[in-house]
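K.L.:
Given the sequences, and given the hints that come with them, work out the whole structure.
Below are the chains, spelled out letter by letter.
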Amino acid sequence: MAKKTRIKAKLKKGVVTVKALASHEMLSHQEAERAKKEANWITYVVAKVNGNIVYEVSTSQFLSKNPYMKFQFQAEATGTKKGDKIEFTWVDLKGNTNTSTGKIK
Amino acid sequence: MMERRNFLSLGLGVLAASVVVPSTLSAVDYRKDKPKAWEQDKIDLALKEIFGTSETAEGKVKLKAPDIAENGAVIPVTVSAKAGTRVAILQDVNPQSLVAVFTVPKGGIVDYSVRIKMMKTGNVYAIVEDGGKLYKASKQVKVTIGGCGG
Numbered sequence: 001m002a003k004k005t006r007i008k009a010k011l012k013k014g015v016v017t018v019k020a021l022a023s024h025e026m027l028s029h030q031e032a033e034r035a036k037k038e039a040n041w042i043t044y045v046v047a048k049v050n051g052n053i054v055y056e057v058s059t060s061q062f063l064s065k066n067p068y069m070k071f072q073f074q075a076e077a078t079g080t081k082k083g084d085k086i087e088f089t090w091v092d093l094k095g096n097t098n099t100s101t102g103k104i105k
Numbered sequence: 001m002m003e004r005r006n007f008l009s010l011g012l013g014v015l016a017a018s019v020v021v022p023s024t025l026s027a028v029d030y031r032k033d034k035p036k037a038w039e040q041d042k043i044d045l046a047l048k049e050i051f052g053t054s055e056t057a058e059g060k061v062k063l064k065a066p067d068i069a070e071n072g073a074v075i076p077v078t079v080s081a082k083a084g085t086r087v088a089i090l091q092d093v094n095p096q097s098l099v100a101v102f103t104v105p106k107g108g109i110v111d112y113s114v115r116i117k118m119m120k121t122g123n124v125y126a127i128v129e130d131g132g133k134l135y136k137a138s139k140q141v142k143v144t145i146g147g148c149g150g
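If you read the sequences in order, they're chains A and B. Residue numbers 1 to 105, in the working numbering, belong to the letters of the first sequence in order. Residue numbers 1 to 150, in the working numbering, belong to the letters of the second sequence in order.
It should be emphasised that the hints constitute simulated quantities derived from the structure, not laboratory data. Where a beta carbon is used, it is the ideal one built from N, C-alpha and C, also for glycine. Wrong hints could be hidden among the right ones.
Claimed, not checked - Simulated DEER-style distance windows between Cβ atoms:
| no. | chain 1 | residue 1 | chain 2 | residue 2 | range |
| --- | --- | --- | --- | --- | --- |
| 1 | B | ASN123 | A | HIS29 | 20 to 30 Å |
| 2 | A | ALA35 | B | GLY132 | 38 to 48 Å |
| 3 | A | GLU38 | B | GLY122 | 21 to 31 Å |
| 4 | A | LYS81 | B | GLY132 | 27 to 37 Å |
| 5 | B | GLU39 | A | LYS3 | 24 to 34 Å |
| 6 | A | HIS29 | B | ASP33 | 18 to 28 Å |
Stated by the list, open to error - Taking beta-carbon pairs under 7 Å as the criterion, some of the chain A residues facing chain B (in silico):
| no. | residue |
| --- | --- |
| 7 | VAL46 |
| 8 | MET69 |
| 9 | LYS70 |
What the hints assert, rightly or not - Below are the DSS-like pairs computed for lysine-lysine, each with C-alpha atoms no more than 27 Å apart in a straight line:
| no. | chain 1 | residue 1 | chain 2 | residue 2 |
| --- | --- | --- | --- | --- |
| 10 | A | LYS48 | B | LYS82 |
| 11 | B | LYS106 | A | LYS85 |
| 12 | A | LYS70 | B | LYS142 |
| 13 | B | LYS82 | A | LYS8 |
| 14 | A | LYS82 | B | LYS42 |
| 15 | A | LYS37 | B | LYS36 |
| 16 | B | LYS34 | A | LYS70 |
| 17 | A | LYS70 | B | LYS133 |
| 18 | B | LYS32 | A | LYS94 |
| 19 | A | LYS65 | B | LYS120 |
| 20 | B | LYS42 | A | LYS65 |
| 21 | A | LYS70 | B | LYS139 |
| 22 | A | LYS36 | B | LYS120 |
| 23 | A | LYS13 | B | LYS64 |
P.N.:
Here it is as structure tokens:
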């Protein structure tokens, strides 16, 4: 199932800017009822570089479908260099998880 | 060799920092740790669950959201601040108030963008916890077409 998260990461002037687009229905209870499907949405996201957490968020059913997330972090404080891989993991209500990686350019 | 040098400087950096930051170094999943927070339908109650208080001050937080959202199912929201240990986004029109809680890791920068859903016209709130205090910014977003499937 093509559920990969699309990741774009750039390191510029000591700051890494990441744009991630996760692939998930994000069905809130209301929407699930209307669609006659089970409610399910991403509840937790964590991104790591070289094992260090650089982004972490717990989320509700009120994030849009196919969640877009943009965040930044300091390269030096997290030991990040160009060419490093950023690992983006999400967990949803049902317990499914998905980890995708992107390269920091 | 590059790695060793970087590794060393990392270690020194940690020693030199010596700023006491509430332990945000371990992964925190608020869905597991504070399940009640997600059930609250009032901003203050959700804040109390996550932060232990609902007292907030103005300032320090910048909240960017559209004045009018044509599609209530996709409303871009950006929260930024010079510093912070935790950040929360809430709104007052959906069945529950809490939308997201960010834990700012070491080296993290408070500049987060996400897209949210709002059932109808209402206010989006951004809370940044800095130095044990909560700072709040809010903005009204007019929604023309409701965003929760309604």
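K.L.:
Each hint should be assessed against the structure and marked as holding or not.
P.N.:
Results of checking the hints against the structure:
1. ASN123/B x HIS29/A: 20 to 30 Å: Cβ of ASN123/B to Cβ of HIS29/A: about 22 Å, so the range 20 to 30 Å holds.
2. ALA35/A x GLY132/B: 38 to 48 Å: 43 Å, holds
3. GLU38/A x GLY122/B: 21 to 31 Å: 27 Å, holds
4. LYS81/A x GLY132/B: 27 to 37 Å: 33 Å, holds
5. GLU39/B x LYS3/A: 24 to 34 Å: 28 Å, holds
6. HIS29/A x ASP33/B: 18 to 28 Å: With Cβ atoms ~22 Å apart, the hint holds.
7. VAL46: It holds, given that the least Cβ distance between VAL46/A and chain B is near 6 Å, below 7 Å.
8. MET69: 5 Å, holds
9. LYS70: 4 Å, holds
10. LYS48/A x LYS82/B: 22 Å, holds
11. LYS106/B x LYS85/A: 18 Å, holds
12. LYS70/A x LYS142/B: 23 Å, holds
13. LYS82/B x LYS8/A: 24 Å, holds
14. LYS82/A x LYS42/B: 43 Å, violated
15. LYS37/A x LYS36/B: 24 Å, holds
16. LYS34/B x LYS70/A: The given pair, whose Cα atoms are some 24 Å apart, holds under the 27 Å limit.
17. LYS70/A x LYS133/B: Holds. LYS70/A to LYS133/B sits at ~25 Å (cutoff 27 Å).
18. LYS32/B x LYS94/A: 13 Å, holds
19. LYS65/A x LYS120/B: 17 Å, holds
20. LYS42/B x LYS65/A: Status holds; Cα separation ~24 Å.
21. LYS70/A x LYS139/B: Distance ~20 Å between LYS70/A and LYS139/B Cα, so the pair holds.
22. LYS36/A x LYS120/B: 23 Å, holds
23. LYS13/A x LYS64/B: 24 Å, holds
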